[in-house]
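Participant: Listed below, chain by chain, are the residues.
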Amino acid sequence: MSGERILVIDDDHDLVAAARVVLEGRGYVVTAAYDRDEGLATAKAERPDLIIVDVMMPNATEGFDFVWQLRRSEDEYFRRVPLVVMTAIRERTGLGFYPEGGEKTAKGEPTLPVQGFLHKPVSPEQLLERVRLALVEAWRKG
Amino acid sequence: MTHQRPTRYAVEVALIARLGWLIRLRWLAVVGFAAYIEVARWLLPVPVALGPLYGALAALAVCNGVYHLVFLWFLRDSGHRGPGRVGPFARFCLPQEIRDTESEQEVARATIFAAVQIIIDLVLLAAVLHFSGGIENPVRYFFIFHVILASLLLARRATFAAATLGFLLIAAVSLGECFGIIPHIGFGGPWSEGAYKVPAMVGERLSLLGITLYIAAYLGGTVAGHLRKHEREVMVLTDNLAREAEELEVALRRERELEQSKSRYMRRVAHELRGRLGTIHTALGTVARGFAGSLPPAAQDLVDRSAVRAGELAEMTSDLLALSRAREVEPVALTALVDLRAVVNEVADELSSHARESAVTVEVQEAPEPAIVRGDPEGLGQLVRNLVANAVRYTPGGGRVVIRVMSGAGEVCFEVSDTGIGIPEDALSHIWDEFYRAKNAREHARDGTGLGMAIVKAVVERHGGLVTLASEVGKGTTAKVVFPAAAGAPEA
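Residue numbers (the working numbering), protein chains in the order written: chain A, 1 to 142; chain B, 1 to 492.
Be aware that one or more of the hints could be misleading.
Some chain B residues judged to face chain A by a derived CB distance under 7 Å, without partners named [what the hints assert, rightly or not]:
id: 1; residue: Gly210
id: 2; residue: Tyr214
id: 3; residue: Gly278
id: 4; residue: Thr279
id: 5; residue: Thr282
id: 6; residue: Gly285
id: 7; residue: Thr286
id: 8; residue: Ser294
id: 9; residue: Ala298
id: 10; residue: Ala314
If you want the ones that stay clear, here's a sample from chain B, every Cβ over 10 Å from chain A, calculated [to be verified]:
id: 11; residue: Cys63
id: 12; residue: Phe142
id: 13; residue: Leu209
id: 14; residue: Leu241
id: 15; residue: Ala292
id: 16; residue: Asp426
id: 17; residue: Leu466
Between beta-carbon pairs, the in silico distance windows are [claimed, not checked]:
id: 18; chain 1: A; residue 1: Glu129; chain 2: B; residue 2: Glu369; range: 48 to 56 Å
id: 19; chain 1: A; residue 1: Ala45; chain 2: B; residue 2: Arg400; range: 52 to 60 Å
id: 20; chain 1: B; residue 1: Leu302; chain 2: A; residue 2: Arg26; range: 22 to 30 Å
id: 21; chain 1: A; residue 1: Gly116; chain 2: B; residue 2: Glu244; range: 52 to 60 Å
id: 22; chain 1: A; residue 1: Val136; chain 2: B; residue 2: Asp447; range: 25 to 33 Å
id: 23; chain 1: A; residue 1: His13; chain 2: B; residue 2: Asp447; range: 27 to 35 Å
id: 24; chain 1: B; residue 1: Gly397; chain 2: A; residue 2: Arg26; range: 42 to 50 Å
id: 25; chain 1: A; residue 1: His13; chain 2: B; residue 2: Glu249; range: 44 to 52 Å
Treat the hints as calculated values from the structure; they're not laboratory data.
Glycine residues also receive a C-beta, built at the ideal position from the N, C-alpha and C atoms.
Excised from the complex, chain A in its bound form (with noise of 0.2 Å):
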């Protein structure tokens, strides 16, 4: 599995292009975005196959945002495309407090309309595995 097109949203420069090494050594398409305008943006333009995107930008909870700005998009493409959200483990919870956090689940928590989370600090490895993970989910959904 090789060749699909990933966007990497985070403000941290230097983590995009960590994962830029180890996503391009696998075959993979690397984009990356800075901030939320710009994601959304070149999720817009470039329509990639997944999306990760940082939870914690500047701009506080920039992650969340982006993350329902897109899945309330018209465009059925920015309601599938499939999404990593990473965040520092002990942020999960973060989400609880998250306004639009969205229905709740069996644990009582709301949850992200996401296809998975990547605990900070990322290894290349969880990185990699993570990625495959949320592609094959897509490819089975169709």
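Position chain B relative to chain A; hints supplied.
Facilitator: Frame of chain A; chain B shown alone:
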């Protein structure tokens, strides 16, 4: 720091309470007086000056009614507190021990009220004495009661003044009757001894009564003065205690605020550090695993080491953040209803691949009923994660970790047992200390921040729970956490 001025409240309340008591006592006197007249009227075969006596009784009742209204006004009045001018009469009447309070003017007002009552009482009593036999009537000794009352409410000199006034009134009545200036209204018959017209007998009775009144004034004044002094000391002490408690509370609040601001700063720093360390860790890991091309062996070795160290630092800053958060978490964040079974399953899933790699079996045994704890989901997740991760980390391959969640009898119990290396007895008492790792733990696993158990303890304490450890070296460890079950949690 000492405060020698008791507050308005304590002194004034004590004085007003005494005024209330005096008025209640007088209502009793009104009833007693009426009974006295009726008994005299029906039982004694002598004419009684009913009109004037009932007149005096009515005057006493009307006066007491007025006092009662004034007293109620005293109770309701809460304005005009503070320092003010105190007149000469009030200064004369105000007991030394209750001067110089924060509301001397109000205390003085209450004292004047008491003094006026006593003066009117003495005049009325003198009238009663006149209409019921004058110096021949033992009622003359009732003046002593008023002197004692005066000693309880007024300054010593005012008490002596009351004794003098009483004496003068009795002297006026008895001498007036003796020398025919005013008429003698006696009971007559066997009750009238005729002593009122014998100057020597009047003089003897007057002297005896005068001496009794002044002795009563002296004794009452002395005892009441001591009592008031002690009362004031108690009030000053109580005031000081209350102020000191207040000061302590303020200091404690400031300390807490300072601590919180320090903690917020620490968290901010740790958060910033963690982000950057995480990136370094990821970047080094990328190079170390050859994603950026192969390295010469010496460079590979150094990059590997650096990647490990960066990972350790990132983990440590994360743990420091978690510890600081567990200790500082605001009460408002402790209100969520958390089913520990869900947390345990999530953590077990999260750690399953790591456990598989270490060949450790992780088994979850949970009760069918919900195990709901009220608290901070993040902290509780951290607690479960730390205990399970520790159990997996310190259990050699082929071993087993069992996680149990139970609830009942108002408690929720979470237990992690492993067949791991165990904790030496001498290490058990240090296990909750920050950065502490037992020797066998360091030998078994190089990584580990030594903060996990400190976080566990902080989270448990923040949730009002109890954590215990039972361990045997070479056999394993059981960590048990008991939380109070959330009140009003939904039943299964």
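Participant: Hints first: check each against the structure and report whether it holds.
Facilitator: Taking the hints in turn, this is what the structure says about them:
1. Gly210: Check failed: Cβ of Gly210 (chain B) comes no nearer than 86 Å to chain A, outside 7 Å.
2. Tyr214: Given a least distance of 81 Å, the restraint on Tyr214 (chain B) is violated.
3. Gly278: holds, 3 Å
4. Thr279: With a minimum Cβ separation of about 5 Å from chain A (threshold 7 Å), the hint on Thr279 (chain B) holds.
5. Thr282: holds, 5 Å
6. Gly285: Check passed: Cβ of Gly285 (chain B) comes within 5 Å of chain A, closer than 7 Å.
7. Thr286: Holds - the Cβ of Thr286 (chain B) comes within 7 Å of chain A, reaching about 5 Å at its closest.
8. Ser294: Not OK, violated: Ser294 (chain B) not within 7 Å of chain A, min 12 Å.
9. Ala298: violated, 21 Å
10. Ala314: holds, 5 Å
11. Cys63: holds, 71 Å
12. Phe142: Consistent with the label, Phe142 (chain B) stays out of reach of chain A, its closest Cβ about 78 Å off (over 10 Å).
13. Leu209: Holds: least Cβ distance 86 Å, greater than 10 Å.
14. Leu241: holds, 43 Å
15. Ala292: violated, 5 Å
16. Asp426: The claim holds: Asp426 (chain B) sits with its nearest Cβ about 32 Å from chain A, beyond 10 Å.
17. Leu466: holds, 24 Å
18. A:Glu129 / B:Glu369: 48 to 56 Å: violated, 36 Å
19. A:Ala45 / B:Arg400: 52 to 60 Å: This hint holds: roughly 53 Å between Cβ atoms.
20. B:Leu302 / A:Arg26: 22 to 30 Å: Holds: the Cβ-Cβ distance is about 25 Å, inside 22 to 30 Å.
21. A:Gly116 / B:Glu244: 52 to 60 Å: Hint holds: Cβ distance 59 Å, inside 52 to 60 Å.
22. A:Val136 / B:Asp447: 25 to 33 Å: Given a distance of about 31 Å, which is inside 25 to 33 Å, the answer is holds.
23. A:His13 / B:Asp447: 27 to 35 Å: Between His13 (chain A) and Asp447 (chain B), where Cβ atoms are some 29 Å apart, the hint holds.
24. B:Gly397 / A:Arg26: 42 to 50 Å: violated, 31 Å
25. A:His13 / B:Glu249: 44 to 52 Å: holds, 50 Å
Taken one by one, the earlier hints fail for this structure at numbers 1, 2, 8, 9, 15, 18 and 24, listed in ascending order.
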